[in-house]
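Next come the chains, spelled out residue by residue.
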Amino acid sequence: MSIQEELIQAAKKALADVECVVGWGEGPEAVRHTPLKVRDEAGAEGLRAGFLSVNNPAAYLRMNNGKKIGVALKGCDSRSLGQLVAEGLVKREEVLVIGFGCDGVIDVEKVAALLRGKCELAAVRSCKEEGGDIVLETPAGDLRFAKKDVTADKCSRCMYPNTLDADVFIGEKREPVVAEDDYADLARFEQMSLEERMDFWEKEMSRCIRCHACRSACPLCVCRNQCVSNCRDPHWLTQADGVRDKMFFQIIHATHLAGRCTGCGECERACPMGIPVLLLKRSLSRQVEQLFAYKAGVDVEGVPPLLTFTLEEPKIKERDW
Amino acid sequence: MSDKTLSQKFVSYDALPGWLAELAKNATVYAPQREGTSVVYRPFKAGAQLELNERPTESAKHVIFPRGESLFSYHKGGDPEDPDNREVSVKEAQDPGPAVVFGAPSCDARGFFAFDPVYNGSGTKGAAKDVYYLKRRAQTAFIVRACKYPLVTCFCNWVGGGPTSAEGADAHATDIEGGLVLRALTEKGKALLEAGKLPDPTAEQQKAAQKANEQSEKSMGQAPDLKGAPAAILSLFENAEFWMTQTVGGCLSCRACTFLCPTCYCFNITDEGNGISGARLRNWDSCMSAHFTREASGHNPRNTRADRMRNRVGHKFSYYPSLHGGRFSCCGCGRCIKSCPSSVDIRKIVLNAIKEAGNV
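Line by line, the protein sequences are chains A and B.
Using the working numbering, you'd call the opening residue of the first sequence number 222 and step up by one each time.
Using the working numbering, you'd call the opening residue of the second sequence number 844 and step up by one each time.
Think of the hints as simulated: they come from the structure by calculation, not from any bench.
Treat the hints loosely; a few may be bogus.
Here are the computed lysine-lysine pairs in the PhoX-like style, where the Cα-Cα straight-line distance is at most 25 Å [claimed, not checked]:
id : chain 1 : residue 1 : chain 2 : residue 2
1  : B       : 1031      : B       : 888
2  : A       : 339       : B       : 1054
3  : B       : 972       : B       : 888
4  : A       : 234       : A       : 288
5  : B       : 991       : A       : 339
6  : A       : 339       : B       : 1061
7  : B       : 919       : B       : 934
8  : B       : 1031      : B       : 972
9  : B       : 978       : B       : 934
10 : A       : 233       : A       : 339
11 : B       : 1054      : B       : 847
12 : B       : 991       : A       : 331
13 : B       : 972       : B       : 847
14 : B       : 1191      : A       : 349
15 : B       : 847       : B       : 1061
16 : B       : 888       : A       : 424
17 : A       : 349       : A       : 331
18 : B       : 847       : B       : 1070
Here are the computed distance ranges between Cβ atoms for each label pair [what the hints assert, rightly or not]:
id : chain 1 : residue 1 : chain 2 : residue 2 : range
19 : B       : 855       : A       : 418       : 56 to 66 Å
20 : A       : 364       : B       : 857       : 21 to 31 Å
21 : B       : 938       : A       : 324       : 49 to 59 Å
22 : A       : 324       : B       : 1087      : 30 to 40 Å
23 : A       : 473       : B       : 1043      : 28 to 38 Å
24 : A       : 473       : B       : 938       : 34 to 44 Å
25 : B       : 914       : A       : 388       : 52 to 62 Å
26 : A       : 514       : B       : 1066      : 51 to 61 Å
Remember, predicted model here, so these are calculated numbers, not experimental data.
We put the CB at the ideal spot given by N, CA and C, even for glycine.
Produce the complete structure using the sequences and hints provided.
Right, dumping it as structure tokens:
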């Protein structure tokens, strides 16, 4: 049985215990699945799982209104749940986790780039997986791309391909792609001077439309309707449509996620304008890893370093200063 | 096509930047340009690379209805030590000046038809005219470019449009081998075409353009009948279960759909100041945000995502058409589907509503 078939069976079984199961289903576009919430066996038949299952269903975990729900999570998605549980924001016993080993997911923007000049991404009528390739039916004919050329960057630094802390694990376990995240993307970015980086962000932020999908898609953005971006008291941000306020918001967002962000990349994926906002969060994640030896979301017993106080941090030798 | 063509020209792809540069001498010319993974309307400058292979990610709404604009600003001068001797200067909103939007798909031009009756005072016998909107509207010309093929998210033909529609266009462009056949449809459009010392299209080029347009129209699928949508959606107003099933596990309550939408026209006004200087700003607002309806008491009549989804769909396909002669406040561009982080499909919700109402 494929992962998808096994997921359907697991979801059907889970529905005896839980109100609904959140996973992935077919969406309006052929190259990506859409989040799907199913409530009965017939609905469960619509579940999909695989290369096109990009969304992180953990974003829906805090919308369960106190009822136990089932959720299918990839390895990276399960870190969001781990962090939410570690912070006491989700009760682990209210979630039934269906897990599996993930081989990586698509980055539709990479597909769009390969299609450029031939047709637009949203013109793709169907997407089939054939071995290591995807075959797209497009107005410019059938086009074949190697999966490895259109796999999301985060998958190339994947340390957790298997869902952590799963209640039901389907299929075979996968080997981690890397043993440690080397943050090579950040190192490349940091080759730019500070002035160049500022210019880069000003240019990128200039096309921000302030929809704040980056925030809404983030499973760890927990302020919900109390977000500082709309708040008049305290009035830290103005409503002016300027680069300064847009950047200020992103910096607040990233800072608020320091030691909490699991690098799932939903902020960047959700951005309709393609602004690489994950970079900011990765910069702070690296900092927290180096300073506090903490990786967000991998240990539900772990204590998020910025949510606690320790007299002496193991990696900060302030008494020797 | 019924629109009256005043004149025709042909502009080769090579000559296109030169023509736009000519237009840019007298107006801000907004033209689609690639930035990263998205395509945005940016003021055309010499050397700019146009992106003509991909439809713009954002709509052209901001050209006439800016994301944020200062209605007026103030500054307190004089002697800060002497409260009786402060001079307050107030600056009015700047005249935006003439603008041309080049290369907009037909849906972007048609989107403003949803704005017009709301902002031109026609609903209030002229009492409430939005001068800021009307000034920009009057000063903006549209050069609409026909779409060659539809995206799976496109549905302009469901809501009265079409991929080659020239409605709302001052000039219309169709891609043929080597360039664009341009048709002027208004006096404004005619002047734009005259500006470039462009050749007239040959009879062959005109024929090729006509054929391309016919082919494009044919490539749209069959449109379902949405006549029943306004009544159906209204009849489901209190059916909380229906709106919940259409929303949960999908909508994340961001505002991408409404901010990319060519027809969403809601705004908020805030005063932003530091005590010495400040401004009254008007910004886009979104009914998909919880703050949109939060009252001073803290009560929020649209507290859930389902409540807000009902409003977005209801406004576009029921309340608006019932107030404005049956016209939907949707131009079928499909950006709300294509750019939604969770691919919420408004077409499906409208069709489900029609079906659900029929079953009740």
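Consistency of the hints with the structure:
| no. | hint | in the structure |
| --- | --- | --- |
| 1 | B/1031 x B/888 | holds, 22 Å |
| 2 | A/339 x B/1054 | holds, 21 Å |
| 3 | B/972 x B/888 | violated, 34 Å |
| 4 | A/234 x A/288 | holds, 17 Å |
| 5 | B/991 x A/339 | holds, 12 Å |
| 6 | A/339 x B/1061 | holds, 20 Å |
| 7 | B/919 x B/934 | holds, 12 Å |
| 8 | B/1031 x B/972 | holds, 23 Å |
| 9 | B/978 x B/934 | holds, 17 Å |
| 10 | A/233 x A/339 | violated, 42 Å |
| 11 | B/1054 x B/847 | holds, 18 Å |
| 12 | B/991 x A/331 | holds, 23 Å |
| 13 | B/972 x B/847 | violated, 30 Å |
| 14 | B/1191 x A/349 | holds, 24 Å |
| 15 | B/847 x B/1061 | holds, 22 Å |
| 16 | B/888 x A/424 | holds, 16 Å |
| 17 | A/349 x A/331 | holds, 17 Å |
| 18 | B/847 x B/1070 | violated, 29 Å |
| 19 | B/855 x A/418: 56 to 66 Å | violated, 40 Å |
| 20 | A/364 x B/857: 21 to 31 Å | holds, 29 Å |
| 21 | B/938 x A/324: 49 to 59 Å | holds, 58 Å |
| 22 | A/324 x B/1087: 30 to 40 Å | holds, 34 Å |
| 23 | A/473 x B/1043: 28 to 38 Å | violated, 57 Å |
| 24 | A/473 x B/938: 34 to 44 Å | holds, 35 Å |
| 25 | B/914 x A/388: 52 to 62 Å | holds, 56 Å |
| 26 | A/514 x B/1066: 51 to 61 Å | holds, 59 Å |
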